[in-house]
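Q: With the hints as constraints, model all of the structure from the sequences given.
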Amino acid sequence: MALSQEDVRAIADYARIGLDEEELRAMTVYMNEAVAMLQPIIDLEVEEVEPTFHPIGSLVNVMRADEPREGLRLDDALENAHATEGRSFRVPSILGGGGLS
Amino acid sequence: MSLLDELSARQIASGVQAGEFSAEEVCRASLDAIASRDAELHACLQVLEELALAKARELDRDRAAGRALPPLAGVPLAVKDNMNLIGSRTTCGSRMLEDYESPYTATCVQRMLDAGCLPIAKTNMDEFAFGSSTETSHFGKTANPWDAERVPGGSSGGSAAAVAAGEVTLALGSDTGGSIRQPAAFCGVVGLKPTYGAVSRYGVVAFGSSLDQVGPFGRRVEDVALAMNALLGEGHDPMDATSQDCPVDFLEHLEDPVEGLRVGIIADFIDAEGLSGEVRSAVLGAAEALADQGAELVDVSLPNVADSISAYYVIGPCEAFSNLARFDGVRYGYQEPGCATLAEQSAKSRAHGFGAEAKRRQMLGAYLLSSGVYERYYHKAQKARTLITKSYERAFEEVDVLLLPSSPRTAFKFGEISDPTQMYLSDMFTISSNIAGNGSVSVPLGLGEDSGLPVAVQLQGPAFKDRRLLTFARAVERGFEAEGRVAPAFAGKGGEL
Numbered sequence: 001m002a003l004s005q006e007d008v009r010a011i012a013d014y015a016r017i018g019l020d021e022e023e024l025r026a027m028t029v030y031m032n033e034a035v036a037m038l039q040p041i042i043d044l045e046v047e048e049v050e051p052t053f054h055p056i057g058s059l060v061n062v063m064r065a066d067e068p069r070e071g072l073r074l075d076d077a078l079e080n081a082h083a084t085e086g087r088s089f090r091v092p093s094i095l096g097g098g099g100l101s
Numbered sequence: 001m002s003l004l005d006e007l008s009a010r011q012i013a014s015g016v017q018a019g020e021f022s023a024e025e026v027c028r029a030s031l032d033a034i035a036s037r038d039a040e041l042h043a044c045l046q047v048l049e050e051l052a053l054a055k056a057r058e059l060d061r062d063r064a065a066g067r068a069l070p071p072l073a074g075v076p077l078a079v080k081d082n083m084n085l086i087g088s089r090t091t092c093g094s095r096m097l098e099d100y101e102s103p104y105t106a107t108c109v110q111r112m113l114d115a116g117c118l119p120i121a122k123t124n125m126d127e128f129a130f131g132s133s134t135e136t137s138h139f140g141k142t143a144n145p146w147d148a149e150r151v152p153g154g155s156s157g158g159s160a161a162a163v164a165a166g167e168v169t170l171a172l173g174s175d176t177g178g179s180i181r182q183p184a185a186f187c188g189v190v191g192l193k194p195t196y197g198a199v200s201r202y203g204v205v206a207f208g209s210s211l212d213q214v215g216p217f218g219r220r221v222e223d224v225a226l227a228m229n230a231l232l233g234e235g236h237d238p239m240d241a242t243s244q245d246c247p248v249d250f251l252e253h254l255e256d257p258v259e260g261l262r263v264g265i266i267a268d269f270i271d272a273e274g275l276s277g278e279v280r281s282a283v284l285g286a287a288e289a290l291a292d293q294g295a296e297l298v299d300v301s302l303p304n305v306a307d308s309i310s311a312y313y314v315i316g317p318c319e320a321f322s323n324l325a326r327f328d329g330v331r332y333g334y335q336e337p338g339c340a341t342l343a344e345q346s347a348k349s350r351a352h353g354f355g356a357e358a359k360r361r362q363m364l365g366a367y368l369l370s371s372g373v374y375e376r377y378y379h380k381a382q383k384a385r386t387l388i389t390k391s392y393e394r395a396f397e398e399v400d401v402l403l404l405p406s407s408p409r410t411a412f413k414f415g416e417i418s419d420p421t422q423m424y425l426s427d428m429f430t431i432s433s434n435i436a437g438n439g440s441v442s443v444p445l446g447l448g449e450d451s452g453l454p455v456a457v458q459l460q461g462p463a464f465k466d467r468r469l470l471t472f473a474r475a476v477e478r479g480f481e482a483e484g485r486v487a488p489a490f491a492g493k494g495g496e497l
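The listed protein sequences derive, respectively, from chains G and P.
If you're matching positions, the first sequence starts at 1 in my numbering and goes up one per residue.
If you're matching positions, the second sequence starts at 1 in my numbering and goes up one per residue.
These aren't lab readings, by the way, just hints derived from the structure by calculation.
Note that this is a predicted model, so its numbers are computed, not measured.
The beta-carbon is built from N, C-alpha and C at its ideal position, and this holds for glycine as well.
Treat the hints with caution; some may be incorrect.
[What the hints assert, rightly or not] Label pairs and their computed distance ranges (CB to CB):
1) G/E50 - P/Y104: 46 to 54 Å
2) G/A10 - P/Q11: 55 to 63 Å
3) P/E98 - G/R87: 23 to 31 Å
A: In structure tokens, the structure reads:
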């Protein structure tokens, strides 16, 4: 089933990537070509096969003891943000209305 | 007087230890080589002169105080710009992270520094490692040192080019679908993707978390072995739960004979559509070189491996979409000014911070993970991964190593492959070992008989048998005249020691 421009617009909204009309047209072409390339996956007969979500699935994660230790310092965590206030990141209004909240 | 680009890592470290030259002199030679060569090459995004000189002086002080120096003392290192290093930016080749200051240092980088390497430069890469040519970098393209009109491969193209042009002795790259091995092949250097879990990923900006693995580039197999000792030496990294405790001495069996060992040849790969004649004949030459040293060549098959590309282009974009969702312009990264709402700021920051290929991969991942689509693609791709892994396991019951091409062809020209789905086929021989997780290495075989450009062979081994893999790589290296070779257009330009 081919993806329409409206389908691709909805995916872009979900992915939080603003695309202009020209980008949307090019992206729709790409998405259909890329999905067509994935047809061998659709055609696979793998009902009885267990999935492998991780390449070292036969090994176990190596866990450390649950002990408190020093983490990233607050100043370092905030260093790359454009807007901060005290210990927090500042963001624009979440529900609308404008300005930093 | 010697030239830095003629020395191996071992020669540099022993020269510094013996006082033949100081670490600072080595550092200045590497910086001089970059000053003389990188304007044409553009392998480096940042030259870390202060950091490198500080490290060199620390080593020189240690030596003056009579302390034994670590095994890579004074060896110039370049680091792909998706690895954090305090005192440098980590841009991932993206406008999104153009001004991002590393808040900590990646374990892989720290371990190389602890082993005595000098952090000379951060290297160019495809944006967020999405690509096979380094053309998608926001900061411009990197030239192939063997032909400035051609790509160095990617995504770790800057690291491969910096080593091939003799600017540095070692470099780190990351490999999600071939991003170490393909640029190593295009630039005529050795590039190792270790087994997934061998090297810590802590501090490396994630692309595909079940696929990414860090590894070294060098002009000699021995240099790569020394880098692996540094990367694995301290074992498990508590900062990465997938990092395994597998330290071994990669030098210990490097010169072992391959006599009596079994090398698997996969007819489907040797006769693959799209494989160029000169690469095919070079790969068969590498097989012959191993046979001349007493190895037994065995025909093997890898059923299901043909599904690797489609499985990869499901799993990779899905993991990338998930990983790159963090770039919303709030905590770090490009932020669109003047937005009224958080949603608008996020969508515009991502639209203008990411380049075209980064957007394409995330869009594909977002679609493939959506309700009703997930079951048809993502879940089935992970089942394909089971079949591919089992194919490898069965093959390695019969042979010690698999021999195949690294890339279907030699380096292509800038702009030659403009269709993204065609570009994806550049990784047709490398992707399967990211899917299965086992280690692979690309070894240079000199220059192709038609193009005159570097050609290479890929060796793939069982999981966590990377030391054995380098024994085979060294055996191949013995049979060809590519060892230690710097691209002639750059050899000896600056870098006097």
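Q: Each hint: holds or not?
A: We went through each hint and held it up to the structure:
For the hinted restraint 46 to 54 Å between G/E50 and P/Y104, the CB-CB distance of approximately 37 Å leaves it violated. Separation of G/A10 from P/Q11 is about 59 Å and conforms to the stated range, judged on CB atoms against 55 to 63 Å. A hinted range of 23 to 31 Å for the beta carbons of P/E98 and G/R87 is consistent with their spacing of about 26 Å.
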